[in-house]
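Asker: One letter stands for each residue in the lines below.
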Amino acid sequence: MTVESTAAHTPRRSAGSKAGATGAKSKRSTGANARKSADPELVQLLTPEGKRVKNAEYDKYVAGITSEELRGLYRDMVLTRRFDAEATALQRQGELGLWASLLGQEAAQIGSGRALNDDDYVFPTYREHGVAWCRGVDPTNLLGMFRGVNNGGWDPNSNNFHLYTIVIGSQTLHATGYAMGIAKDGADSAVIAYFGDGASSQGDVAESFTFSAVYNAPVVFFCQNNQWAISEPTEKQTRVPLYQRAQGFGFPGVRVDGNDVLACLAVTKWALERARGGEGPTLVEAFTYRMGAHTTSDDPTRYRGDEERLAWEAKDPILRLRRYLEAANHADEGFFAELEAESETLGKRVREAVRAMPDPDHYAIFENVYADGHALVDEERAQFAAYQASFADVEGV
Amino acid sequence: MTVESTAAHTPRRSAGSKAGATGAKSKRSTGANARKSADPELVQLLTPEGKRVKNAEYDKYVAGITSEELRGLYRDMVLTRRFDAEATALQRQGELGLWASLLGQEAAQIGSGRALNDDDYVFPTYREHGVAWCRGVDPTNLLGMFRGVNNGGWDPNSNNFHLYTIVIGSQTLHATGYAMGIAKDGADSAVIAYFGDGASSQGDVAESFTFSAVYNAPVVFFCQNNQWAISEPTEKQTRVPLYQRAQGFGFPGVRVDGNDVLACLAVTKWALERARGGEGPTLVEAFTYRMGAHTTSDDPTRYRGDEERLAWEAKDPILRLRRYLEAANHADEGFFAELEAESETLGKRVREAVRAMPDPDHYAIFENVYADGHALVDEERAQFAAYQASFADVEGV
Amino acid sequence: MAAEKMALAKAINESLRRALETDPKVLIMGEDVGKLGGVFRVTDGLQKDFGESRVIDTPLAESGIVGTAIGLALRGYRPVVEIQFDGFVFPAYDQIVTQLAKMHARSLGKVKLPVVVRIPYGGGIGAVEHHSESPEALFAHVAGLKVVSPSNASDAYWMMQQAIQSDDPVIYFEPKRRYWDKAEVSTEAIPDPLHKAKVAREGTDLTLAAYGPMVKLCHEVAAAAAEEGKSLEVLDLRSVSPIDFDSIQASVEKTRRLVVVHEAPVFLGSGAEIAARITERCFYHLEAPVLRVGGYHAPYPPARLEEAYLPDLDRVLDAVDRSLAY
Amino acid sequence: MAAEKMALAKAINESLRRALETDPKVLIMGEDVGKLGGVFRVTDGLQKDFGESRVIDTPLAESGIVGTAIGLALRGYRPVVEIQFDGFVFPAYDQIVTQLAKMHARSLGKVKLPVVVRIPYGGGIGAVEHHSESPEALFAHVAGLKVVSPSNASDAYWMMQQAIQSDDPVIYFEPKRRYWDKAEVSTEAIPDPLHKAKVAREGTDLTLAAYGPMVKLCHEVAAAAAEEGKSLEVLDLRSVSPIDFDSIQASVEKTRRLVVVHEAPVFLGSGAEIAARITERCFYHLEAPVLRVGGYHAPYPPARLEEAYLPDLDRVLDAVDRSLAY
Ligand SMILES: Cc1ncc(C[n+]2csc(CCOP(=O)(O)OP(=O)(O)O)c2C)c(N)n1
Ligand SMILES: Cc1ncc(C[n+]2csc(CCOP(=O)(O)OP(=O)(O)O)c2C)c(N)n1
Ligand SMILES: [Mg+2]
Ligand SMILES: [Mg+2]
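Protein chains in written order, with the numbering used here: chain A, 1 to 397; chain B, 1 to 397; chain C, 1 to 326; chain D, 1 to 326.
Keep in mind that a hint or two might mislead.
To be verified - Here are the simulated lysine to any residue pairs, SDA-like style, with alpha carbons at most 20 Å apart:
#	chain 1	residue 1	chain 2	residue 2
1	D	Lys35	B	Glu307
2	D	Lys25	A	Ser189
3	B	Lys184	C	Arg54
4	C	Lys48	A	Arg304
5	D	Lys48	B	Gln383
6	D	Lys110	A	Gly305
7	C	Lys230	C	Val199
8	D	Lys110	A	Gly153
9	C	Lys216	C	Thr204
10	C	Lys110	B	Glu308
11	B	Lys184	C	Leu46
12	D	Lys110	A	Gly136
13	D	Lys35	B	Asn157
14	C	Lys196	B	Gly373
15	D	Lys25	A	Gly305
16	C	Lys25	B	Glu308
17	D	Lys48	B	Pro300
18	D	Lys35	B	Glu235
19	C	Lys35	A	Ser189
20	B	Lys184	C	Thr204
21	D	Lys112	A	Pro233
22	D	Lys48	B	Thr301
23	D	Lys48	B	Gly373
24	C	Lys35	A	Arg309
25	D	Lys35	B	Gly373
26	C	Lys35	A	Gly305
27	A	Lys184	D	Ser53
28	D	Lys25	A	Glu308
29	C	Lys196	C	Gln161
30	D	Lys112	A	Arg304
31	D	Lys110	A	Pro360
32	C	Lys110	B	Asn157
33	C	Lys25	B	Pro233
34	D	Lys25	A	Ala183
35	D	Lys112	A	Ser158
36	C	Lys48	A	Pro233
Claimed, not checked - Computed spacing ranges between beta-carbons, pair by pair:
#	chain 1	residue 1	chain 2	residue 2	range
37	D	Arg41	A	Asp59	40 to 48 Å
38	D	Arg281	A	Thr345	53 to 61 Å
39	C	Gly126	A	Pro233	23 to 31 Å
40	B	Gly278	A	Glu57	34 to 42 Å
For the record, the hints were derived by calculation from the structure and aren't laboratory data.
Backbone N, C-alpha and C define an ideal beta-carbon position, used for all residues, glycine too.
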């Protein structure tokens, strides 16, 4: 199973790409201080009730969006959630060692993921399954590291989707360096770096802000503030809204409703356009919620109550778009029924693919440690082989 | 020679301490966004020509300052510069291995240093000779590491002046931790952490901003933006004024004329008062200039021209205060003549003290590696002794 | 309740609790150490009982954690900081190596930094990348740090008491795969010195030296070897800086053979130093070169490969056989 | 001008220049590498000739330098980054150990990171704290990194060419106290493989193994010993990961005695691994234990003590005598 096949209907080249992609520049180009932000303003295009609200600044980025594209966003979110649920189930069944669920963050990931062009480049954390989906990465690839058969292992260049990074914040510097390279090449693509509210405290993230600002690198920093870093609420990382962090480094920051896929799409498109237009980095804070546990190893009942989750369930990203699609007649019953079936198929395929995933050969330990070889690795591989052979001898007797 | 003796006339308990130290709170307590700063506003109380200019916000912090205190500030700057020049000369004569001159930064250091109370705590870089002076640290102590007889070696608790830190930025976290401790103790003192424009790029500095904001620690971050980090101008570290960095972390930042000792005194007093009053961290950017080389190993002609230095010479911190003292009759010829003599005495004393500084005993290598001892160190010390003894035998023969 | 059977994680928890009770200057700091009680529950219940000002959830920044702990120590506190997993200590490495380790010497002894850095380490728990490493050699090489690792609940309890009381920075490596192993812990025993090795099992034919998670394995090896009539001595080193070479030497002078076992990669692992120094000290006693069993020169592999990567009964027995064959 | 006498620093400069000329993907990055040409002038003139987009002055943040270099490598560049002094590499240690070293394996070989990290290292120049350390073992212990250190201008030139051409990350330790030592450099010679040791002086009685700044010292020791009628072989290891054990073994099988010399602390220094492995390989050949001469287990001392701290002629001769006395 590949994503490409399942995802065929969805416009990969960026939803809403026909939307007016110009005109914003003049207003934005005042740069760092364009976005004054004494009070957090949350960019929202769809209310939790599914009502489309006007936004003078960002409407234009989704102005031309078609019904098909809207259904595409919905489908992405539903299939991503389904994939995620399947992975959680597979962990419970012992097929995976761990799973980091994105439940609740579908809009942030699909909205931003669908804002990208093919030649843009993504640097994810370990939770960007929805973005991976948008990039056409085979979900099975994502599962390898959680099953423990590899530490990632996909080719980042196949889909311009970098490996998952577990050490918090590190990838923001890789993203910045990559973006510096794009600028050097004179290319007009951009980079998007994902990180969490917890990650915002890491020195590496601050350094990536400094480097990207100084070199005016075409990178969008996309912070999913899901309110929690494992058991710590965002107040343990900052005493002001996170999007404000950018300003002190000389580039704009904006807070978007992270459960509103349209708003995430629009704001990310705006930020990417800035990057491609030579205006440098932008910070997007997607205000969202981690509806599940941190990972399958976590027990959130130890540190947070139900009320909070219930409040956020009312803002569910999928429900909200469904209400809008239905109210505005962008989709009929047939679409939802078909999607339900597709969902089932996806779940089944993922399940089967994971179960069929073979354990790696022991010699894989010694592979890919170096690209050009290393005498010590060769020596240890040979010793390992001799040691293995000694059992064969015994067993042979 | 001790500083205490030479510095005896100067009020150690904080110049201008009689100035209205209250009343500012109500205006400041709006917190993070109190100091809106679309355009860099430089707080200045004395123009380069020595004219006292009014400042509605900061005048009160130096309102009660006496002539004696003003002369004290002048004397501090002159003696600090003299000490610095002596150290540079001693390096040329081979008495020191290296020297990091503070030439040009006297006002930033004396102004901030004299804002402190005795029970405040200082975390310097390697260039805060003027602050050390204000704390009553014996200048000879500062020279040990530059001579190569130790790596610092003074007792930070004697004068609440921490050891010099060479690894750029590290001490800002120590300062933050110390300030967290003050808060835990319920004490009403504060911490000041010095760092440079270059240091502002280090992850550790950003993390110290995060920790101090989250824990509301009583710390003043005092950044001497001397325009250069060795050969790199400040544009290589940031594309917006550095004082703006604070806002994104949730505390105020202010830029002060770093060559104006009165302004530095006033702004630092304001920031310290915030800290003591439970309002948390503040960033002060002292806009100044490194008039000399980075260190005696550096050759600034390779990367900057004379015009810049000349422009800054016109803003010299000592000259400026002298003009004011003379114009406003705060000091007479006798004062300046006496100071000149005191200066000479200081120079001579420093020279003699350095020349008399003995080389450490070789066994010092093994001392103070651990507080509670370590078997390996003991073993190596014994081996070293046996090895030394083997020469004695030979020489004895 | 002076003696009780408890799991190793619980023993550390009790030891931390005792330290918090006895010394008001003791603080616990780290990511998720508060309400959650740490991802391994080692600090479970401590924030509840001692409050947020003594058991501190920190921002997600390891350099910041260690750096502010240094500042707190300068102010007179005794912070015990938790690094969530072995692979996440590296952002703090600069603060540990250039500041924590060196400030005592830099001040010519005037500054003391009684900071304990707790690091759950090692593999065998089927985790994802960066959660199973054994970086102890990277700390032991650095002067100014002390490095210890208990192998059982009783040592875990007492060594934590001693680490906290030490005026030197101590890197305390916790054998995470043994967190749930239970042993008798007497809270009144007089402990051995922190850096002294223990003969965990006596033997005459060969010495197995290990620490932390590998001590249990060495016991299993010794039991298996005993069935074949070989008498192995098991040394629990407990400390990696300093290493108690006197005890190793005494054992090797008796058994004349030494195999060192650790999870960390063999190349430049602590076994290298033990082999080099014991060979120097016991050159005429050794019947065989000191052999080492440990990790390979490769990144810690994915979970499904760790069994092949980690030292196990067969690999250690193989080394024992090779040594005895000399 | 195929052969010329030049200083070691100049040889690296010429090698970087050649790389910039030959491969448009090569970049130079670091603090003060541009107009200033680096604090040691190793990159002198390169920004002037290749422009600011190829020779890049970076913000003052080592983690940022290495982290963005990784990103640039992912984009197809071949960055050569400078860490200004040995003691300032630690803020970048996390990026080096968890990212640079492991990304090739993490990607199952799909990603290659041809990044060279240049680190001027070692003492003997009378510098202040953090400017004289030898942290090579802290990198060699980590799989995924290659670690080399030239001892002379010719090797410095060619090993830099090879390091840049390597598809693996290479930590290139520059012996800063030898920067001004001159030697003949042929820009047309066919170089030895990067990780191969060289017999720098032949001898029969004992092998001295060293790399970087200590090779010159070993030559002096061998010359002094020769006057006393002792024939010492000097091995220039050149590479600390991998270490060319075959060459050491070959030499030791001939001389039967080995002394390893490095500036880094002896405890868990590269000499420990050499001693352990060579003892295993040459157990019946060695007439004496492998002896090590290096730094003490103490922070690098202030300048006025470094002479007593660093290996010198007498200390190495003392070890030679001790070895020969077995
Ligand atoms: C350097 C580092 N320290 C600690 C961890 C352990 N850890 C994994 S996820 C996590 C919380 C991350 O929070 P956040 O950045 O908000 O991302 P989220 O998990 O909420 O998506 C922590 C502490 C880590 N992976 N890396
Ligand atoms: C971590 C680290 N990297 C590099 C250096 C080398 N270095 C010493 S001073 C300096 C420039 C510092 O500039 P700035 O922070 O502006 O302080 P200034 O010297 O101007 O007072 C550099 C790069 C260092 N000491 N520490
Ligand atoms: Mg989060
Ligand atoms: Mg500066």
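Asker: Taking the hints in turn, state whether each one holds.
Answerer: Quick rundown of the hints versus the structure:
| no. | hint | in the structure |
| --- | --- | --- |
| 1 | D:Lys35 - B:Glu307 | holds (18 Å) |
| 2 | D:Lys25 - A:Ser189 | holds (19 Å) |
| 3 | B:Lys184 - C:Arg54 | holds (9 Å) |
| 4 | C:Lys48 - A:Arg304 | holds (15 Å) |
| 5 | D:Lys48 - B:Gln383 | violated (52 Å) |
| 6 | D:Lys110 - A:Gly305 | violated (44 Å) |
| 7 | C:Lys230 - C:Val199 | holds (17 Å) |
| 8 | D:Lys110 - A:Gly153 | holds (8 Å) |
| 9 | C:Lys216 - C:Thr204 | holds (19 Å) |
| 10 | C:Lys110 - B:Glu308 | violated (43 Å) |
| 11 | B:Lys184 - C:Leu46 | holds (18 Å) |
| 12 | D:Lys110 - A:Gly136 | holds (18 Å) |
| 13 | D:Lys35 - B:Asn157 | violated (41 Å) |
| 14 | C:Lys196 - B:Gly373 | holds (13 Å) |
| 15 | D:Lys25 - A:Gly305 | violated (53 Å) |
| 16 | C:Lys25 - B:Glu308 | violated (51 Å) |
| 17 | D:Lys48 - B:Pro300 | holds (17 Å) |
| 18 | D:Lys35 - B:Glu235 | holds (14 Å) |
| 19 | C:Lys35 - A:Ser189 | violated (44 Å) |
| 20 | B:Lys184 - C:Thr204 | violated (55 Å) |
| 21 | D:Lys112 - A:Pro233 | violated (37 Å) |
| 22 | D:Lys48 - B:Thr301 | holds (15 Å) |
| 23 | D:Lys48 - B:Gly373 | violated (53 Å) |
| 24 | C:Lys35 - A:Arg309 | holds (18 Å) |
| 25 | D:Lys35 - B:Gly373 | violated (47 Å) |
| 26 | C:Lys35 - A:Gly305 | holds (12 Å) |
| 27 | A:Lys184 - D:Ser53 | holds (7 Å) |
| 28 | D:Lys25 - A:Glu308 | violated (51 Å) |
| 29 | C:Lys196 - C:Gln161 | holds (15 Å) |
| 30 | D:Lys112 - A:Arg304 | violated (43 Å) |
| 31 | D:Lys110 - A:Pro360 | holds (17 Å) |
| 32 | C:Lys110 - B:Asn157 | holds (9 Å) |
| 33 | C:Lys25 - B:Pro233 | violated (44 Å) |
| 34 | D:Lys25 - A:Ala183 | holds (13 Å) |
| 35 | D:Lys112 - A:Ser158 | holds (15 Å) |
| 36 | C:Lys48 - A:Pro233 | holds (17 Å) |
| 37 | D:Arg41 - A:Asp59: 40 to 48 Å | violated (57 Å) |
| 38 | D:Arg281 - A:Thr345: 53 to 61 Å | holds (59 Å) |
| 39 | C:Gly126 - A:Pro233: 23 to 31 Å | holds (29 Å) |
| 40 | B:Gly278 - A:Glu57: 34 to 42 Å | holds (38 Å) |
Taken one by one, the earlier hints fail for this structure at numbers 5, 6, 10, 13, 15, 16, 19, 20, 21, 23, 25, 28, 30, 33, 37, listed in ascending order.
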